[in-house]
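Asks: Got chain A; can you put chains B, C, D, E, F, G and H on it based on the hints?
So the protein sequences, as listed, match chains A, B, C, D, E, F, G and H. Residues in the first sequence are numbered from 1 upward in steps of one, following the working numbering. Residues in the second sequence are numbered from 1 upward in steps of one, following the working numbering. Residues in the third sequence are numbered from 1 upward in steps of one, following the working numbering. Residues in the fourth sequence are numbered from 1 upward in steps of one, following the working numbering. Residues in the fifth sequence are numbered from 1 upward in steps of one, following the working numbering. Residues in the sixth sequence are numbered from 1 upward in steps of one, following the working numbering. Residues in the seventh sequence are numbered from 1 upward in steps of one, following the working numbering. Residues in the eighth sequence are numbered from 1 upward in steps of one, following the working numbering.
Treat the hints as calculated values from the structure; they're not laboratory data. Cβ atoms here follow ideal geometry from the backbone N, Cα and C, with glycine treated the same way. Misleading hints may appear alongside valid ones.
As the list claims (entries may be wrong) - Not the full set, but computed from the structure, chain A residues with beta-carbon under 10 Å of chain C:
#1 A16
#2 S63
#3 R73
#4 G75
#5 D90
Unchecked claim - Here are some chain B residues the structure puts well away from chain H; computed CB gaps all over 12 Å:
#6 E42
#7 S63
#8 D90
#9 A131
#10 R138
#11 K142
#12 R147
There are 8 protein chains.
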Amino acid sequence: MSVQIVLGSKSDLKVAEKATAVLKELGVSYRICIASAHRTPELVDRLVSEADAEVFIAIAGLSAALPGVIAARTGRPVIGVPVSGALNLDAILSVVQMPPGIPVAAVGLDRGENAALLAAQILSLKDESIAAGLEEYRQKLKDKVIRDSQEVDA
Amino acid sequence: MSVQIVLGSKSDLKVAEKATAVLKELGVSYRICIASAHRTPELVDRLVSEADAEVFIAIAGLSAALPGVIAARTGRPVIGVPVSGALNLDAILSVVQMPPGIPVAAVGLDRGENAALLAAQILSLKDESIAAGLEEYRQKLKDKVIRDSQEVDA
Amino acid sequence: MSVQIVLGSKSDLKVAEKATAVLKELGVSYRICIASAHRTPELVDRLVSEADAEVFIAIAGLSAALPGVIAARTGRPVIGVPVSGALNLDAILSVVQMPPGIPVAAVGLDRGENAALLAAQILSLKDESIAAGLEEYRQKLKDKVIRDSQEVDA
Amino acid sequence: MSVQIVLGSKSDLKVAEKATAVLKELGVSYRICIASAHRTPELVDRLVSEADAEVFIAIAGLSAALPGVIAARTGRPVIGVPVSGALNLDAILSVVQMPPGIPVAAVGLDRGENAALLAAQILSLKDESIAAGLEEYRQKLKDKVIRDSQEVDA
Amino acid sequence: MSVQIVLGSKSDLKVAEKATAVLKELGVSYRICIASAHRTPELVDRLVSEADAEVFIAIAGLSAALPGVIAARTGRPVIGVPVSGALNLDAILSVVQMPPGIPVAAVGLDRGENAALLAAQILSLKDESIAAGLEEYRQKLKDKVIRDSQEVDA
Amino acid sequence: MSVQIVLGSKSDLKVAEKATAVLKELGVSYRICIASAHRTPELVDRLVSEADAEVFIAIAGLSAALPGVIAARTGRPVIGVPVSGALNLDAILSVVQMPPGIPVAAVGLDRGENAALLAAQILSLKDESIAAGLEEYRQKLKDKVIRDSQEVDA
Amino acid sequence: MSVQIVLGSKSDLKVAEKATAVLKELGVSYRICIASAHRTPELVDRLVSEADAEVFIAIAGLSAALPGVIAARTGRPVIGVPVSGALNLDAILSVVQMPPGIPVAAVGLDRGENAALLAAQILSLKDESIAAGLEEYRQKLKDKVIRDSQEVDA
Amino acid sequence: MSVQIVLGSKSDLKVAEKATAVLKELGVSYRICIASAHRTPELVDRLVSEADAEVFIAIAGLSAALPGVIAARTGRPVIGVPVSGALNLDAILSVVQMPPGIPVAAVGLDRGENAALLAAQILSLKDESIAAGLEEYRQKLKDKVIRDSQEVDA
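In isolation and in its complexed conformation, chain A is listed as follows:
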């Protein structure tokens, strides 16, 4: 397995599904589970030590400790996705403002798809088939912008 996706709570599923849709499209293997840094800390510990993932994607809202807690227990790259709520800044700053020594790669609020793309970019450094898929994905984005542009300029 290449990517382990971890949600802090079932309510983060919509953001996770943006990630899994991209990983499927790019043919990147993944597993998904729920493990709360605050409600099930032992589960997070066990998960990280047992997972044979090359990259972690951690998705959480509020005081979003999950990405940092995973990063504390693995040397693999950890991508953090802050989830929107009443404040938004709480999740963003909790994910981004990690102390020196333990990095988390933060993507934007609710940006599950970008977490998946970043994971794929990382994996593509040693797997050229993913690189090809990523290029195709980008080309489709460009084509869509061009089509949209022709439409509004008509």
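Replies: Just chains B, C, D, E, F, G and H, lined up with the frame of chain A:
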């Protein structure tokens, strides 16, 4: 021992010293250690499981996961103190915005003394000698305000 | 009675009901009343001096002075719950940023259930039956996460 | 006496002195005292009930409950001055965001002079000598701008 | 006439109606008009110079210059009401953060009723009938809190 | 004259000097004066109606009404420069968040040089000599980046 | 053609339509296209080098790099319009806080109409017919305020 | 070469030096250059197309477009480091809030060392010697916490 103080980093010591000064004055026993939720997660786990403290005070800045990570592993009350930095809101929101089920008792930015007073209030529910000390402490605060007021109104 | 819940206004009732549901489940006795720091200051004063509560939970929005005003008149632990509104930061900062000497234990925005759990943790230091209830409560949270995880990983 | 100035703490004195300088210049009588809403609530109550002031100026930082607590106990106009600190937004929002029914007249961060001018404007509605002083004060402000402008345009 | 209410735009009418309801109840005479600091600056100038009001209430959103622009042209007390929008902080800070020399009395976001009560408090300094009305108004607020409290404690 | 620079207060001079340095270098004629929207509104009115400037640059801090007040009285482009202070967001949002119908062209905090460059870009649409100067200015910026880059990569 | 409007994404169309409605009313020629600074950077480059526009209007949300990226490649004035989203401050600050040397003229959140008016003001410096149209536009705004005012004061 | 570090301006050098110190310690090859997204866009384009780096680290302040502009032109992972300034939130949000499709891996404010560690974690997926170095680095961090802890608990 009654209170276990945990700092996320040695740089939080100035805030911790506000807490220890108050605990000493009130005769509340405590221990103090450094254990980072991100750099030494196993240390935090061991600390929490071994500590025989009745109340925890966790002091941390930036993405301040420490109070929540301790709260995730103990049923004892955990008081969180956000430490000031370039943003301040990152530490405050990380400490305050805990998810449902795992409370942290947040005090204000750099308010080590208030963390100690809150711990003492909690302990005083079953130890009347602490309650007496707290009352004295408050009276001194009041007396100081009254003296200050006489000075400015002179 | 163990816990006195005070709302700043009837509109805070939904947050209070999260607290009372938890206290009932844990078998912690409580009373609930409305007393505004700004509209009925004498009521707050009388309430605090007459209440035989061991812990206070104060729930308020906007410039949420209520927790601090109660803390100013009692030596008991006071838990403050900021209530969401157009800004959110006003209530959070009003509850958290107490001056040195008078602590409030702030929980997250609208986190009535966490206020109740924190109160129960405090009371459990001298009442073991509450500690047992809390442990059960936590176990249920964990079980739910595990069930949710199995569901999404299916 | 016309204006009662109340500081939450001696550290707010610099802001208060901006107010007293203006009141002296305009010949408005005032008294000044320190009374913390959190450390000396009874003092605030007694002060408000005994003061024969027509306008109150309350100066406080952090979770600045003082203006609201005074407004809760008097029908006189209360002017609130938020005092700067590590966050600033905490004091501003605590002073401004009063609930319906109990107004506070907020002025800007550290704006003691504006609190005094507003108090004088209010008192001038029935005391024409103050109105004349205010007009002079404004004229001096204008003259200074014009002189400054000539200097930079030279 | 005692109070001149000025709206920056017709969309601020809902906030203004909270003010007029209170002024009617207290028997305070007022007029209401729309005059934008940005779209009709001459109208604002003429309005201020012609109005025989003792107190102004200015209601505006976004970059809410209206209260300050009125305050720049009158020596009468000017109460500013920030109106909610996509940001809220823009209107609040524009109304509160006036430069030294020209005060505005800011009330909370959308707090038209508090603007009216503050105006009435100011006018009551020389008109005792308004003071009596204000006291009644407050008593009703208190009675409502007490009734609400009895209901929830039932 | 091409550009009229207006400062809200003499304390904004450092930001204005960044603008005048650029205008001089580009050979754009300008005048500079101080005129406060709040302390000298009549001066602002007279200035705007008498100035034969093609572009205005208005520089102000706090509740920075000056750019909007000038824009309200002229059909010429008005560039607004927010000036830094204790909050920064107050000035930025006051300058940017203009209501529909009356635009201000906001540049960044303390960015006097960018205001001058923007004014020059606008004037260059009908004066090619300014366009040439702007191109040279940009080339120097590029050259500096390239030199700096060679230095750090050495 | 006079004005080139560029949207970062099709979802910004509603804001762009506010701009095109104004440009049509004022008889200012324009073209509109979609070109993302992040998804189609080459398209942005080509667009800027090929467009014979005198003024650019760039409309984008989130980390709104588009206005700055266009400004980096043209000496023409670039007007930036931040588009609202979950945070709003991200788009506003990305558009406003340009580094020294490369100005963007920021207008308010979603203020497409103000971008168009600012573009028209700039173009009117050499085209008097636009100036006349702008004056009419302003007069209509004023008339509407006056009519609205008469309605509420009735 | 493995890592290409790009600074938006020479003033970001202090943050870059935290990154280069870590890369040197871990034996990861890198190059460093300055290339502004706004002042030298062609340089950024050329740099990205010519660099044979596997990972990019982009360091910038204010409206920090640089990481996103690089990410727009490469399929390699791009790590963005926001640099502190008067606001901080501008740089953080500009780096984090990338639109769907083009991810940037954001680290904390001024966290050059974490950018380097994240780059090393990514590269270690195919180079085990880096993984070993990273483990050593972490162990040193832990040892330091433990030594610090013994010191404060003495």
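Asks: Run every hint past the structure and note whether it holds.
Replies: We went through each hint and held it up to the structure:
1. A16: At 8 Å from the nearest chain C Cβ, A16/A passes the 10 Å test, so the hint holds.
2. S63: Hint on S63/A: holds, closest Cβ of chain C at ~8 Å, below 10 Å.
3. R73: violated (18 Å)
4. G75: violated (24 Å)
5. D90: Interface hint status for D90/A: holds (9 Å vs cutoff 10 Å).
6. E42: violated (9 Å)
7. S63: violated (8 Å)
8. D90: violated (9 Å)
9. A131: Holds, because the least Cβ-Cβ distance between A131/B and chain H comes to about 28 Å, which exceeds 12 Å.
10. R138: Answer for R138/B: holds, closest chain H Cβ roughly 29 Å.
11. K142: K142/B is indeed farther than 12 Å from all Cβ atoms of chain H, at 33 Å.
12. R147: Holds: least Cβ distance 35 Å, greater than 12 Å.
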